[in-house]
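Chemist: Taken in order, these protein sequences are the chains called A and B. Each residue of the first sequence is one higher than the one before, starting from 16 at the first, in my numbering. Each residue of the second sequence is one higher than the one before, starting from 16 at the first, in my numbering.
It should be emphasised that the hints constitute simulated quantities derived from the structure, not laboratory data. A few of these clues could be false.
No copy labels: a pair is met if it fits in one copy or bridges any two.
What the hints assert, rightly or not - For lysine-lysine, the following DSBU-like pairs were computed, each having C-alpha atoms within a straight-line distance of at most 30 Å:
1) Lys162 - Lys452
2) Lys413 - Lys343
3) Lys127 - Lys192
4) Lys343 - Lys408
5) Lys69 - Lys99
6) Lys143 - Lys69
7) Lys192 - Lys226
8) Lys330 - Lys452
9) Lys503 - Lys330
Here is what each chain is made of, one letter per residue.
Number of protein chains: 2
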Amino acid sequence: MTEPTAAATDRRSFLGGAAIGASLLAPGIAGAAARSPAAAIRKAAEAQHEANIKRLRDWIALPTIAAEGRNVEEGCAMMMAMAKEAGFQQVTKIPTDGVPGVFATMDNGASKTLGLYFMYDVKQFDPKEWSSPPLESRIVDKPGFGKSLIGRGAANQKGPESAMLAALHAIRAAGQKPPVNLVLVCEGEEEIGSPHFTQIVRRPEVVAALKKAAGVIIPSSWQSASDGGLVVNLGAKGVIELELIAGGEYSDRFPAHDLHSSNKSLVESPAWHLVEALASLVTPDGNGPAIDGWMDRVAPLTPRQKALIADSAAKRDPANELKTLGVKHFYGDIPWPAALERAAALPTINIEGLVGGYTGPGGKTIIPGKVTAKLDMRLVPDQTMEDCVAKLKAHLQKRGFGDVQVNVTGGYDPTQTDENSALIKAELAAYQRAGIKTSIYPRLTGSWPGYIFTSAPVSLPAGQFGFGASGGAHAPDEYFVVEPSNPKVLSYDGAVAGFADFLFQVAATR
Amino acid sequence: MTEPTAAATDRRSFLGGAAIGASLLAPGIAGAAARSPAAAIRKAAEAQHEANIKRLRDWIALPTIAAEGRNVEEGCAMMMAMAKEAGFQQVTKIPTDGVPGVFATMDNGASKTLGLYFMYDVKQFDPKEWSSPPLESRIVDKPGFGKSLIGRGAANQKGPESAMLAALHAIRAAGQKPPVNLVLVCEGEEEIGSPHFTQIVRRPEVVAALKKAAGVIIPSSWQSASDGGLVVNLGAKGVIELELIAGGEYSDRFPAHDLHSSNKSLVESPAWHLVEALASLVTPDGNGPAIDGWMDRVAPLTPRQKALIADSAAKRDPANELKTLGVKHFYGDIPWPAALERAAALPTINIEGLVGGYTGPGGKTIIPGKVTAKLDMRLVPDQTMEDCVAKLKAHLQKRGFGDVQVNVTGGYDPTQTDENSALIKAELAAYQRAGIKTSIYPRLTGSWPGYIFTSAPVSLPAGQFGFGASGGAHAPDEYFVVEPSNPKVLSYDGAVAGFADFLFQVAATR
Numbered sequence: 016m017t018e019p020t021a022a023a024t025d026r027r028s029f030l031g032g033a034a035i036g037a038s039l040l041a042p043g044i045a046g047a048a049a050r051s052p053a054a055a056i057r058k059a060a061e062a063q064h065e066a067n068i069k070r071l072r073d074w075i076a077l078p079t080i081a082a083e084g085r086n087v088e089e090g091c092a093m094m095m096a097m098a099k100e101a102g103f104q105q106v107t108k109i110p111t112d113g114v115p116g117v118f119a120t121m122d123n124g125a126s127k128t129l130g131l132y133f134m135y136d137v138k139q140f141d142p143k144e145w146s147s148p149p150l151e152s153r154i155v156d157k158p159g160f161g162k163s164l165i166g167r168g169a170a171n172q173k174g175p176e177s178a179m180l181a182a183l184h185a186i187r188a189a190g191q192k193p194p195v196n197l198v199l200v201c202e203g204e205e206e207i208g209s210p211h212f213t214q215i216v217r218r219p220e221v222v223a224a225l226k227k228a229a230g231v232i233i234p235s236s237w238q239s240a241s242d243g244g245l246v247v248n249l250g251a252k253g254v255i256e257l258e259l260i261a262g263g264e265y266s267d268r269f270p271a272h273d274l275h276s277s278n279k280s281l282v283e284s285p286a287w288h289l290v291e292a293l294a295s296l297v298t299p300d301g302n303g304p305a306i307d308g309w310m311d312r313v314a315p316l317t318p319r320q321k322a323l324i325a326d327s328a329a330k331r332d333p334a335n336e337l338k339t340l341g342v343k344h345f346y347g348d349i350p351w352p353a354a355l356e357r358a359a360a361l362p363t364i365n366i367e368g369l370v371g372g373y374t375g376p377g378g379k380t381i382i383p384g385k386v387t388a389k390l391d392m393r394l395v396p397d398q399t400m401e402d403c404v405a406k407l408k409a410h411l412q413k414r415g416f417g418d419v420q421v422n423v424t425g426g427y428d429p430t431q432t433d434e435n436s437a438l439i440k441a442e443l444a445a446y447q448r449a450g451i452k453t454s455i456y457p458r459l460t461g462s463w464p465g466y467i468f469t470s471a472p473v474s475l476p477a478g479q480f481g482f483g484a485s486g487g488a489h490a491p492d493e494y495f496v497v498e499p500s501n502p503k504v505l506s507y508d509g510a511v512a513g514f515a516d517f518l519f520q521v522a523a524t525r
Numbered sequence: 016m017t018e019p020t021a022a023a024t025d026r027r028s029f030l031g032g033a034a035i036g037a038s039l040l041a042p043g044i045a046g047a048a049a050r051s052p053a054a055a056i057r058k059a060a061e062a063q064h065e066a067n068i069k070r071l072r073d074w075i076a077l078p079t080i081a082a083e084g085r086n087v088e089e090g091c092a093m094m095m096a097m098a099k100e101a102g103f104q105q106v107t108k109i110p111t112d113g114v115p116g117v118f119a120t121m122d123n124g125a126s127k128t129l130g131l132y133f134m135y136d137v138k139q140f141d142p143k144e145w146s147s148p149p150l151e152s153r154i155v156d157k158p159g160f161g162k163s164l165i166g167r168g169a170a171n172q173k174g175p176e177s178a179m180l181a182a183l184h185a186i187r188a189a190g191q192k193p194p195v196n197l198v199l200v201c202e203g204e205e206e207i208g209s210p211h212f213t214q215i216v217r218r219p220e221v222v223a224a225l226k227k228a229a230g231v232i233i234p235s236s237w238q239s240a241s242d243g244g245l246v247v248n249l250g251a252k253g254v255i256e257l258e259l260i261a262g263g264e265y266s267d268r269f270p271a272h273d274l275h276s277s278n279k280s281l282v283e284s285p286a287w288h289l290v291e292a293l294a295s296l297v298t299p300d301g302n303g304p305a306i307d308g309w310m311d312r313v314a315p316l317t318p319r320q321k322a323l324i325a326d327s328a329a330k331r332d333p334a335n336e337l338k339t340l341g342v343k344h345f346y347g348d349i350p351w352p353a354a355l356e357r358a359a360a361l362p363t364i365n366i367e368g369l370v371g372g373y374t375g376p377g378g379k380t381i382i383p384g385k386v387t388a389k390l391d392m393r394l395v396p397d398q399t400m401e402d403c404v405a406k407l408k409a410h411l412q413k414r415g416f417g418d419v420q421v422n423v424t425g426g427y428d429p430t431q432t433d434e435n436s437a438l439i440k441a442e443l444a445a446y447q448r449a450g451i452k453t454s455i456y457p458r459l460t461g462s463w464p465g466y467i468f469t470s471a472p473v474s475l476p477a478g479q480f481g482f483g484a485s486g487g488a489h490a491p492d493e494y495f496v497v498e499p500s501n502p503k504v505l506s507y508d509g510a511v512a513g514f515a516d517f518l519f520q521v522a523a524t525r
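Throw the hints in and build the complete structure from the sequences for me.
Modeler: Now the structure itself:
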């Protein structure tokens, strides 16, 4: 999954208990406030705080990791149990050729339906790298953030997903019924590129259920920890995850096994071959794609997209962004608006990892028999995964690297959602009611398998939505800020209430 | 240490028991045969076979690995004990800033002295990669080779070193005295680039002892398994072992820790930076040095060196060489004589290993906070390690890679020994007496810390010498062929007798 680059905005009061005034209502949702029992739901969320945090902690304690085959059945069973407890009347395990998914529906007799996408898997982790045990969900004081729950999945994605489930508990505890019907689709392979997600979503009964929905969200918690701001992304980049492998297994020019390096003058090395192949994929500074034809299908930014980026740049503080990223420079030291435009427009080619030959302490004088580069390539409209994989292979073939093995491990196409869809309107309304001024950005620089919702046959608006602050996705010490020190950021309870309110905005939005 | 590319020659009978005729004597060593009680020594070696193999097995069972700090004191103590048992009267542990060395002398009242260099450490190993446990020294039938002892150090260097020690035992058991005085210097850090070897060899008492010697050998066992041929190398390439590291620790353009790869369009990646830096070090095919000024001090091959290479090429079978290397092509498919010339003349730049970012199964969408390439660079005369490290750093600095950390972990200069020295003459004589026709090659393509012997203040001829067949240095299933299936290859007992005979040739050679 993805991590935001947070938006910087001012923030007014919100579900911290303040009354919601008509002045906060967005156009097109007049009357919604009356139907949103915000105060009672917030109170219920606070009363259920311990139970909600326990649910999240129990979930984090059971990590499903598809790449390692870890807790596959157990994670699916827990996902199903949590859906049932949250009020879904129909909860079905959906087998796939990989990790099973879950399909659940909640009929609330409403005229509107909302789709929810959950991933119940998490990214791999190495406990040695964590300052707090990754499965224990300890709540620590995180300087500059506040009391934060530390655990694998806290941000990506169990933290915000648990807040969405808690919102359903809170609505019920407040004596209400959710104002929309819900369709929930879950997978346990998001972190390996969702290779079997079509086998879940494209089942006839799932397509039929989703087609009634106004759109699909994946719960997120991406408020800027510094100013509480949020960005609404009108889509997301696609991604291809793959390995490039060079070695004796694929070419008889290279040794099949590690060979003493004194032979380097006689024998060609797969390590150098891979380095040269990698270098051919990018511009000489290593930062732009240079694969033959890679940019052919890249749609230029529209004037509206450029205007949104300019607005976003004006609202967001580049110093904050650099701090969040942990660097002192944006790529090439280009100005902040240009950096944001580049971020939206550019397909990226990233090295996730390099491994081959001797990797231990000190050295070992060998020519490696095999070396591997793990890459991810982010795609923008109108690129497609299928076309890009073909272009990569043709590029390698043409340049003398046809013996470099291309092992695609996952990925999907980019997505795009209409700014004027009811889903985006409801999202903006909910953020506005929470006092969070937002900026709109053409697309998330990260990826999620939303193409399955935005493309045929489902063809729905889809994207990230949610409250609260979290971070460290895929990294050690992943966190969710449960009790923020910054009043501009919603607490966990505030996020629960915010999700509940969002359902009322979906119900009210034309 | 190094691994040979074996020489192809015919072989006549040898210490397999055959009488040594005057016709086998090399010019300049007339009379040596009379003083070499070869048959009695061979018989003693056979009688001591079990004890000799047990000594080797015990040694292999105690691996000293400097990179891991493993068995440092224990390995030194065993080295000292073995020297004493072999008859060295004076055996001293020499402390260094790293792993201790050993200095030992054996005064046999002879007019000539020979220096012996031993390494008592071995290369790291991963038992999972071995078909036979690497410390158990099992003797297996190795198809095409014969009964072979499998163990870490069997070839590099405990196998041949143990045969040299066994030769001293055999001479004594045959009622003889070694015909030369001996000076033994041992280190336990050869496999990490001998960083403290000067602290052993440049001690006044060691220098004084060595200066009496006709030369220094490191025992080796590099007979071609296919035809028993051997190469006398008139020197060896030098080596620099180093790491190149890029990451947030060294530049604030890069993230200090792994960062979600969705930020690739905003943030520069140390992985690409390292790939580009690596690519700048070599020619576009990845096989020739391209570091600024790297070739400036490379001495061109002399006409004599070219003639030796042509002779070597004619005597050696390229098909055998390819088979030994496990590849189907020499670099660039150049003809065999050109390949051998390139091997002698060219300094190499090799990637030993690449490691950084995510290296586990599947993928992980991160920008690595740090990536490392482990390199070895082989040097030829008149390159020096000091000058080359400076050139590498200047090259990186000039090309925008000044933030790539250069971490030199070991290395030393190349060596050169005069073809007309007494040491080389004695080596050729001993090989000839063993019925092994040899070829002479300008330099070993591998490296050993012989520069400490060939340079001032010691300034001696130095190089590899020995009998028998072994292989797999630094690799899994390292082996020594104890009972060869090919009659052209000397057995372990034959190698023991050969080392003994060599001492007599040193004694007799002017």
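Chemist: Now, for every hint given, state plainly whether the structure supports it.
Modeler: Quick rundown of the hints versus the structure:
1. Lys162 - Lys452: Within. Shortest intra-copy distance 24 Å satisfies the 30 Å Cα cut-off; inter-copy 79 Å does not.
2. Lys413 - Lys343: between (38 Å within a copy, 22 Å between copies)
3. Lys127 - Lys192: within (13 Å within a copy, 103 Å between copies)
4. Lys343 - Lys408: between (36 Å within a copy, 25 Å between copies)
5. Lys69 - Lys99: This pair counts as within: shortest intra-copy Cα distance 17 Å, inter-copy 69 Å.
6. Lys143 - Lys69: within (25 Å within a copy, 42 Å between copies)
7. Lys192 - Lys226: within (22 Å within a copy, 97 Å between copies)
8. Lys330 - Lys452: So lysine 330 and lysine 452 pass the 30 Å test inside one copy only (9 Å; across, 82 Å).
9. Lys503 - Lys330: This pair counts as within: shortest intra-copy Cα distance 15 Å, inter-copy 82 Å.
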